[in-house]
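Reassemble the complex: the two chains are provided individually, in unrelated frames, and hints are given to aid placement.
Residue-level listing of the chains:
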Amino acid sequence: MPATTRQRVAVLVAALLVVLSLGLPWTTSTQTYVPGWMAPSMCVPSADGTIWCSGAFISPGFMSGSAALSGAGSVARVFLIGALVLILVAWTRGESRWLGLAGAALLVAVLLAGLAALGGQLAACAAALALLYAGLSPRAPAPA
Amino acid sequence: MSTADVVRLALHIAALLLVVLGISLDLDDRGGALWSDTWTWAGFATLMALLQGAAMLPRTTLSGAGWTLGAVGAGGLLLFWTLLMLPMISTNMAFLVTLGTACATAAVLLSPDRRL
Chain X
1 MPATTRQRVA
11 VLVAALLVVL
21 SLGLPWTTST
31 QTYVPGWMAP
41 SMCVPSADGT
51 IWCSGAFISP
61 GFMSGSAALS
71 GAGSVARVFL
81 IGALVLILVA
91 WTRGESRWLG
101 LAGAALLVAV
111 LLAGLAALGG
121 QLAACAAALA
131 LLYAGLSPRA
141 PAPA
Chain E
1 MSTADVVRLA
11 LHIAALLLVV
21 LGISLDLDDR
31 GGALWSDTWT
41 WAGFATLMAL
51 LQGAAMLPRT
61 TLSGAGWTLG
71 AVGAGGLLLF
81 WTLLMLPMIS
91 TNMAFLVTLG
101 TACATAAVLL
111 SPDRRL
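For the protein sequence lines, the chains are X and E, in the order given. Residues 1 to 144 (our numbering) make up the first sequence, in order. Residues 1 to 116 (our numbering) make up the second sequence, in order.
The shape of chain E in the complex, shown without the other chains (with noise of 0.2 angstroms):
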């Protein structure tokens, strides 16, 4: 494994890790994280987090689609963060989620398989 594919499996973890202790942890005292005010956004946010690790797999799987998959989930990630963490940015949900997502669009921008 070289260097970058240590760096984007280190950023695609990092993203899965941060959204999702970002929503489910209550991190501003606002009497519960996001999944007990908003379970289906939760949800969604957890789905995406996890789909963007899709970027990793080789070619080989899935058809080839795995960056494809995984720019799905960015743009996912990307669409959470503007629509709900966006207008709350100075919160430490915001924050961490800020941070994931920009982790999941990093590494996705990385992959040699990039089609952008």
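Pulled out of the complex, with its shape left as it was, chain X reads as follows (with noise of 0.2 angstroms):
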């Protein structure tokens, strides 16, 4: 567990950022509508009073890209839940160097992403932030 109180506090706010965020937008939407197209037929009557007529030809349009995904959709919820993973660990073994590699975890999640300050990504970085300030912040002295 942290040393301090505040250190604690910040481990927890962090934890509940990294859990918002995995509700929260990470990518948005690069859905594009493709029109469809249609070929008539054709009919053309010959000289003996018969007709003939080619084939209509008709293709429908389509969704092309994906659409905006949360935390919990996109590959950044690897990183997310390892976050909360070593949140944990640094928690039960007081050992705040995972603290720092949780904050890592988490702005690397941020650089795969690709920068695009949405909400899932701003969450995740004051998360980091959080994560960063409880593990570089010295521990309050031990009693004499």
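Don't take every hint at face value.
Said to hold, decoys possible - Simulated restraints on C-beta separations:
#, chain 1, residue 1, chain 2, residue 2, range
1, E, W41, X, E95, 43 to 51 angstroms
2, E, M88, X, S54, 42 to 50 angstroms
3, E, M88, X, R6, 18 to 26 angstroms
4, E, W41, X, S66, 30 to 38 angstroms
5, X, P138, E, T60, 20 to 28 angstroms
6, X, T32, E, L9, 51 to 59 angstroms
7, X, T32, E, T68, 44 to 52 angstroms
8, E, T68, X, L112, 40 to 48 angstroms
9, E, T68, X, V34, 48 to 56 angstroms
What the hints assert, rightly or not - If you only want the chain E side, here are some residues facing chain X, beta carbon under 8 angstroms, derived:
#, residue
10, T82
11, L84
12, P87
13, I89
14, L116
Claimed, not checked - Among the chain X residues that face chain E by a calculated CB cut under 7 angstroms, a handful are:
#, residue
15, G73
16, V78
17, I81
18, T92
19, G94
20, R97
By construction, these hints were calculated from the structure, which means they are not laboratory data. All figures in this text were calculated on a predicted structure; none of them were measured in a lab. Where is the CB? At the ideal position from N, CA and C, for every residue including glycine.
The structure is reproduced here in structure tokens:
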């Protein structure tokens, strides 16, 4: 467990922000609509009274690209859950170095997802700052 | 058996039941359970759900490696949940597996033989 009250609060806030980041958007939608097309048939009458018709062709429209993803649906979920596990390890073992590692994992997740300043990424960055503060700030001196 | 032991045993059993039921029943009208779609991942999750129960074994068995095996099982369930269940968290299958994974993690962390 982190030493000072401020460090403990920072770790708890960071854990909540990571959980929040799982539900917030991490990527924007890249979906575009590709319209379909149709080539009508053509009929040509012949001299003997018959009619020859070509076939009609139709291709329906479709959506391409991917929808917007939340943290739980994107690749970042591996780093978010990994950060939560590291926070738990740091809390139970009382070793603050794991907090710095968790903060670094969150920053890597943001970089891998592409900097888009979306809610999920902002929450992850805020959690990373809180973890880096808790991990790098000095511990309270032992009582004499 | 103390109250804490009963609680841990209940969590281990609940973890196994919830995970196995979640991946074996077609609860979301998908046309089949996870076993029919990706039997390898279903087998992995079942194996990890069985392994997490090893944390209940006394220290005299398996040369004291019971908690380590249980932690591996809980970690495997957490990996399965992160990679496969989290993207479909709104489904019934994901809900049961989430509960099962939480039970396994809690049971392993509550063990008096914990090395974490």
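Which constraints among the numbered hints does this structure fail? Numbers only, ascending.
1, 3, 4, 5, 8, 11, 19, 20
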